[in-house]
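Protein chains: 2
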Amino acid sequence: MENKYFNFELIKTCKQSGARLGILHTPHGDIETPCFMPVGTQATVKAMTPRDLKEVDAKIILANTYHLYLRPGHKLVEEAGGLHKFMSWDRPILTDSGGFQVFSLAKMNDIREDGVMFQSILDGSRHFFTPESVMEIEESLGADIIMAFDECAPYPSDHSYAKAAMDRTHRWAERCKKAHKREDQALFGIVQGNMYKDLRIESAKALADMDFIGYGIGGLSVGEPKPVMYEMLEEMMPYMPDNKPHYLMGVGSPDCLVEGVIRGVDMFDCVLQTRIARNGLALTSNGKHMLRNASYAHDFTPIDNECDCYACKNFTRAYIRHLIKANEILASELITMHNIRFTLRLMEQVRQAIREDRLLDFRRELIEKGTI
Amino acid sequence: MENKYFNFELIKTCKQSGARLGILHTPHGDIETPCFMPVGTQATVKAMTPRDLKEVDAKIILANTYHLYLRPGHKLVEEAGGLHKFMSWDRPILTDSGGFQVFSLAKMNDIREDGVMFQSILDGSRHFFTPESVMEIEESLGADIIMAFDECAPYPSDHSYAKAAMDRTHRWAERCKKAHKREDQALFGIVQGNMYKDLRIESAKALADMDFIGYGIGGLSVGEPKPVMYEMLEEMMPYMPDNKPHYLMGVGSPDCLVEGVIRGVDMFDCVLQTRIARNGLALTSNGKHMLRNASYAHDFTPIDNECDCYACKNFTRAYIRHLIKANEILASELITMHNIRFTLRLMEQVRQAIREDRLLDFRRELIEKGTI
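Order-wise, the sequence lines are chains A and B.
In this text, residue positions in the first sequence follow my numbering: the first is 349, and each later residue adds one.
In this text, residue positions in the second sequence follow my numbering: the first is 349, and each later residue adds one.
Any given hint could turn out to be false.
Intra- or inter-copy, both count: the list cannot distinguish identical chains.
Claimed, not checked - Here are the simulated EDC-like cross-link-like pairs (lysine to aspartate or glutamate), alpha carbons at most 20 Å apart as the crow flies:
1) Lys-526 <-> Glu-357
2) Lys-661 <-> Glu-403
3) Lys-363 <-> Asp-709
4) Lys-402 <-> Glu-480
5) Lys-574 <-> Glu-357
6) Lys-423 <-> Asp-647
7) Lys-511 <-> Asp-462
Just so you know, the hints here were simulated from the structure itself, not pulled from any lab data.
This structure is a prediction, so every number in the text was calculated from the model and none was measured.
Turn these sequences into a full structure, and let the hints guide you.
See below:
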């Protein structure tokens, strides 16, 4: 894939695992893949300043079209000069299409061939998203990478429902492609097909034919067991274009990141890191730690001995536990910072393991240490 | 005043206003006075990392003995290596004595000659503070400057009640002096006397005789009109030792800072800056702005055009309003950072005006601009 603004370079594949190492070039900078994208739903990665995000070395972040459309409104963001300027983030941004949110968050929704009628989570007001309106919204927001409007079937869905949703997703993908005008934005299509191998393969092929700049893999991690998700990835991946980035949407627990990369995924996003941080839960090289627990009251060691983040270099678990118990905002700031850095560092190590053709060995080491 | 660990250098007095310019030397660094101390009640200045605090150039912060005694406990802080290490702040810290809190926050309190029985705001449990126990707690916390345990009479109080509280404060000050052992901590006495000139003068004289390293002025800004507070300061200041720092406790709105300095105050602390920030209220060079208001929705200018803080250099009022409306933590972080920087910069300007013997002119300029 190549155009004036975007280019995905496939650097190599891991001889041991088949995982891919690449670089995605965008108007706001290059992203080494496989990569993890912290989520900034409302034009802010919760509790993090943009400079904190740069310090933990986030190369790209995600923002949510559904939320920003409702508040503050895409026209206001456009008036501000686009998302980058609005939130003071000069590195790449990806916006989703709201497709997942109108199905998962809305109080009601009414799916039609033309689009989806849904009620706002903020005030119950009614709104109508079509592929064309979503393209307009995403153009106003101005992210580097934007996602096509899709229909995400719930899990479980029967085959006929899943197929109908997939077929509509394909028709909507065509309409998005036609409606989208900004050349400085890469439009990604989204593969659907629920937990049916035949549909996943059909969807991967259909989307490949449309020649998008990149591909989202939607409708996974929606309640199905992890082995089912892994199986879907394995089945569909041979039909995903090699020369385009593969983005597994909404997936990002440490184990899923490694397993996803091994199955050919290049990009991930997840709210897990930031959400659990605000509950006091830290990801570490030897597993999750609920820092709220009394067992950490006198623990004067860092969140994670192996981590190089500001929180780990300057504060103890005992202090952070105190902050959590005292309902102090700094607890969320420090644990969020750590959880994101932990994940980005894990991805750095994953890329290094691919470079050295030893990703399966690295996975085994992670399992032995209790990291995943 | 001089000892191995502390020294207050009076650099000059403003020829126009009589305000004082000084340097307070402490074991953790020097503090130019007049100074403002951000408040870190629970061993964290709410929403700020220590490095953010250094960036806005806070030279000293305050922590609250009452809160830290209750949670996480002074013994845990001592075990952590003291407050500086616990919260990762290597500049000076001042702890108050809990005197104000046991009277203002406690569900009940029982004042005896020996000390005060009070109920915890956290769980209703009963605790007893004496001058001796408070010295022990403050020694465990390990701040550079610690305050004597005092009785703060409410406003209004009749003369006999105010005198009884003042007399007890003096007896407790003697007991604190006797009980306090750590030479690397400067113990400050606290002048009381409610809104009675004769008592304020009597208290200033009595405390001066005890030869403390510095002096707190307590029991002001407790509900009285500002002119009454200013009058008290004017009456008592001639009896406060010139060669010791004068610390007006719990006072720090922009106008009170300037008026206090003009009346001979060297140090201030206040929760205003951080508390109002979390409600969306910003202090600026042309007055307060409630950034939550709809009038800022399309305001693409910084919080304060004259400010040099990270928030003002990178974000607009429109963005910050969006964060407030969306209940995002970053709103509190940015406005807190700004309000503290605004106040510290105001104090820098106040010191410069003293240096140039033009503090009254500077006050007039601030009033004309609407800053105070």
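Here is what the structure says about each hint:
1. Lys-526 <-> Glu-357: Classified as neither; 26 Å inside a copy, 74 Å across copies.
2. Lys-661 <-> Glu-403: For Lys-661 and Glu-403, both the intra-copy (13 Å) and inter-copy (18 Å) Cα distances are at most 20 Å.
3. Lys-363 <-> Asp-709: So Lys-363 and Asp-709 pass the 20 Å test inside one copy only (12 Å; across, 75 Å).
4. Lys-402 <-> Glu-480: neither (34 Å within a copy, 49 Å between copies)
5. Lys-574 <-> Glu-357: This pair counts as neither: shortest intra-copy Cα distance 29 Å, inter-copy 68 Å.
6. Lys-423 <-> Asp-647: between (49 Å within a copy, 14 Å between copies)
7. Lys-511 <-> Asp-462: within (17 Å within a copy, 80 Å between copies)
When held up to the earlier numbered hints, the structure conflicts with 1, 4 and 5 and fits the remainder.
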